[in-house]
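S.K.: Next come the chains, spelled out residue by residue.
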Amino acid sequence: MIVDRLLERRLVILSGKGGVGKSTVGAALALLAAERGKRTLLVEIDAPLEAARYLEAPASGGKPREVRPGLFTVNLDPRSVMDEYVQRTVRVEMFARRVIESPIYERFFVTAPGLKELMVMGRVMVFEEERERWSRKPKWDFIVVDAPATGHGLSFLKVPLAASLAVPIGPVGANARRILALLRDARRTALVVVAIPEEMAVVEAAWFHDLAVDEVGIECAAMVLNAAHERRFTDAEEAQVLRLTSERAGGRLLREVDLGAALVAARRHIRRRKLTRFYETRLRRALKAPLVSLPFLFAEALGRREIRTLADRLAEA
Amino acid sequence: MPERPPVRGLEAAIGERRVLVVCGAGGVGKTTTAAALALQAALRGRRALVCTIDPSRRLATSLGLSQLSEKPRALPLHKLGVQAPGSLHAMTLDTKRTFDALVERFAASPEARRRILDNRFYQQVSDALAGTHEYMAMEKLLELRTDERFDLVVLDTPPTRHALDFLEAPERMMSFLDTGILRFFLKPYFVAGRLTLKIATRTGALALSLVDKYLGLQFLQDLSEFFLAFDGLYAGFKERAARVFELLRDPGSGFVLVASPAPLAIDEALYFHRRLVERSMPFVGLIVNRLHPDPAEGARSAPRTAARLDPAFAGKLVAVYRDLRTLARAERRGLARLEVDTGVPPVLVPEFETDVHDLRGLLEIAAAIVGGVPLRARRRAAVS
Numbered sequence: 186m187i188v189d190r191l192l193e194r195r196l197v198i199l200s201g202k203g204g205v206g207k208s209t210v211g212a213a214l215a216l217l218a219a220e221r222g223k224r225t226l227l228v229e230i231d232a233p234l235e236a237a238r239y240l241e242a243p244a245s246g247g248k249p250r251e252v253r254p255g256l257f258t259v260n261l262d263p264r265s266v267m268d269e270y271v272q273r274t275v276r277v278e279m280f281a282r283r284v285i286e287s288p289i290y291e292r293f294f295v296t297a298p299g300l301k302e303l304m305v306m307g308r309v310m311v312f313e314e315e316r317e318r319w320s321r322k323p324k325w326d327f328i329v330v331d332a333p334a335t336g337h338g339l340s341f342l343k344v345p346l347a348a349s350l351a352v353p354i355g356p357v358g359a360n361a362r363r364i365l366a367l368l369r370d371a372r373r374t375a376l377v378v379v380a381i382p383e384e385m386a387v388v389e390a391a392w393f394h395d396l397a398v399d400e401v402g403i404e405c406a407a408m409v410l411n412a413a414h415e416r417r418f419t420d421a422e423e424a425q426v427l428r429l430t431s432e433r434a435g436g437r438l439l440r441e442v443d444l445g446a447a448l449v450a451a452r453r454h455i456r457r458r459k460l461t462r463f464y465e466t467r468l469r470r471a472l473k474a475p476l477v478s479l480p481f482l483f484a485e486a487l488g489r490r491e492i493r494t495l496a497d498r499l500a501e502a
Numbered sequence: 003m004p005e006r007p008p009v010r011g012l013e014a015a016i017g018e019r020r021v022l023v024v025c026g027a028g029g030v031g032k033t034t035t036a037a038a039l040a041l042q043a044a045l046r047g048r049r050a051l052v053c054t055i056d057p058s059r060r061l062a063t064s065l066g067l068s069q070l071s072e073k074p075r076a077l078p079l080h081k082l083g084v085q086a087p088g089s090l091h092a093m094t095l096d097t098k099r100t101f102d103a104l105v106e107r108f109a110a111s112p113e114a115r116r117r118i119l120d121n122r123f124y125q126q127v128s129d130a131l132a133g134t135h136e137y138m139a140m141e142k143l144l145e146l147r148t149d150e151r152f153d154l155v156v157l158d159t160p161p162t163r164h165a166l167d168f169l170e171a172p173e174r175m176m177s178f179l180d181t182g183i184l185r186f187f188l189k190p191y192f193v194a195g196r197l198t199l200k201i202a203t204r205t206g207a208l209a210l211s212l213v214d215k216y217l218g219l220q221f222l223q224d225l226s227e228f229f230l231a232f233d234g235l236y237a238g239f240k241e242r243a244a245r246v247f248e249l250l251r252d253p254g255s256g257f258v259l260v261a262s263p264a265p266l267a268i269d270e271a272l273y274f275h276r277r278l279v280e281r282s283m284p285f286v287g288l289i290v291n292r293l294h295p296d297p298a299e300g301a302r303s304a305p306r307t308a309a310r311l312d313p314a315f316a317g318k319l320v321a322v323y324r325d326l327r328t329l330a331r332a333e334r335r336g337l338a339r340l341e342v343d344t345g346v347p348p349v350l351v352p353e354f355e356t357d358v359h360d361l362r363g364l365l366e367i368a369a370a371i372v373g374g375v376p377l378r379a380r381r382r383a384a385v386s
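Each protein sequence line maps, in turn, to chains A and B. Counting the first sequence from 1 gives a position; our numbering is that position plus 185. Counting the second sequence from 1 gives a position; our numbering is that position plus 2.
FYI, nobody ran anything at the bench for these hints, they're computed from the structure. Heads up, some of the hints might be wrong.
Unchecked claim - Straight line, CA to CA, 30 Å or less: simulated DSBU-like cross-link-like pairs of lysine-lysine:
no.	chain 1	residue 1	chain 2	residue 2
1	A	K322	A	K248
2	A	K223	A	K473
3	A	K459	A	K324
4	B	K81	A	K459
5	A	K248	A	K324
6	A	K459	B	K318
Construct the complete structure from the given sequences, taking the supplied hints into account.
M.R.: In structure tokens form, the structure reads like this:
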């Protein structure tokens, strides 16, 4: 089972083009992991409202909070992560505050390219390494990171590599190398690339996959084809839809459902189903990872019920 | 609200403005829309260039090309059987090269230039890191704006989580390269190539010792060399950034906001619209892509009962119909919200039968955006 192999890891990073539903997939995967008894942490990066929206929970804060049994969410706001790092490093609180408030800190730490991304990845690594005080067991069994959309998502993955080259010595360089080692450790970490059945999402998934695998050295354990239009009619029924359309069949199916209108919807469904199959084939050819397909959800807004549906579908994958 | 056709502002902008910046959240079809706007301008006799900064080459995809380069490439409109009095060029931005060119242009001496280009820190930051793309896009815009070959530049912006990172990038970059504090911070202590902590303020010393402790001296030296080498560039950069802002606010420029009808995308569009207004940026129009059709619209309401169908089949038909209606109605509520809050009626682009990823598909979108450009050839379905 694809999902079982995913759940064997400790850290799963989701990536994909903007708008493909990384956050819904992340919420569903985290929910499933928690239900399988894993103490799960869903990490959002500078997006406190996404998991909240989908799990119908309060907005994620800077500290992990349990929103369902065994399921915690946390939002990593890069600036706060950096401030927290300084506070931990400079133990005297008065000094720490002065550093954080100083213009040098503001200009240097906050605007230095890549430093924020590195800090955020470092924080994820700290979660992964966290141990219970007495038992020394890992505090988190499963961590899902909902990475920013591809463009910036790649920065997040590439920064540890860039930093380990640019900063050959010192604790930051050492940390960058530790983060990189975690990303490259296929027993602990996996990348999941998310796409939808659309040209650009598929092209971008393949592009991202190649860069992440070849340059960063992370293993892609699965790809998710989200918002897939699944077959609803048999072949004979599809043929009948087309025939009734060409006959301009009319009348009422129900009091409020016109047959002509229903046929418009049915034809659209058939086209989308075929497009889905077309892009699924494309994805399978472009990426070597196993593919999980999740259905398009016709809902007013995505909430707990829809995430439940997706989690159930993941469980079958 | 005064009655006014929604396309007017946008249509006028396509005909008159010299720069159009296309922005919106990721996944809403920004790149395709940027290409369609440029195509529409070409159809109206303008010499248009569409430029993307996206590293994943999506513009190439939507133009049906395998590759795009830094060099603007002309697209063969005549092959489509379309009489375009203007022209359409497309290009993609190479962030590192633009940065390099900037360094070459402003470096005080050949020696300084080499010091920067060979600097390890520079080699890392000038590439794929957040913020650099956006800044370099702005830089490229200045250059293209004065290119005699084009009278309209359509700029596709990078997919950022918060779309306005893009607007703030030049400021952030400037603040990073700012002459005052960074030079005060670095220069006196590093010229000798070693670190001394005799800084006037204790906090400054603490911050600096933190930098040393956590980034290492080697990195600091690379960094200080980098900034020292940049010494002569500050003035040039600052002046360029100021000109970018002038250019963006210029009445000859316009921001086109792109959204999809999903609730999240509508929220982001509203947020971005507010920010544009706050910053007095010239907003020219709102485009909503991939609107799902409402099957009930235009349905023939025959009073009679439909011919008898197999109940299971009829049940599926009803379910498919209801699903699409749910979606369509939710989207129309979102659109209403968008119009009320922005005061601008959005231009609606329907979901097309197939995915748009070639010039012919772009024509359909271009036509949907302003209406009225006849299509000679119908698009062949990509899959059957």
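S.K.: Now, for every hint given, state plainly whether the structure supports it.
M.R.: We went through each hint and held it up to the structure:
1. Simply put, K322 of chain A and K248 of chain A have alpha-carbon atoms about 20 Å apart, close enough for the 30 Å limit, and the pair holds.
2. With a CA separation close to 28 Å, the supplied pair K223 of chain A and K473 of chain A stays within the 30 Å bound.
3. About 45 Å separates the Cα atoms of K459 of chain A and K324 of chain A, which puts this hinted pair outside 30 Å; it is violated.
4. Distance check on the hinted pair: K81 of chain B and K459 of chain A sit about 29 Å apart at the alpha-carbon level, within 30 Å; holds.
5. Straight-line distance between C-alpha atoms of K248 of chain A and K324 of chain A comes to about 14 Å, which keeps the hinted pair within the 30 Å bound.
6. For the hint linking K459 of chain A to K318 of chain B, the alpha-carbon distance of about 18 Å falls within 30 Å, and the restraint holds.
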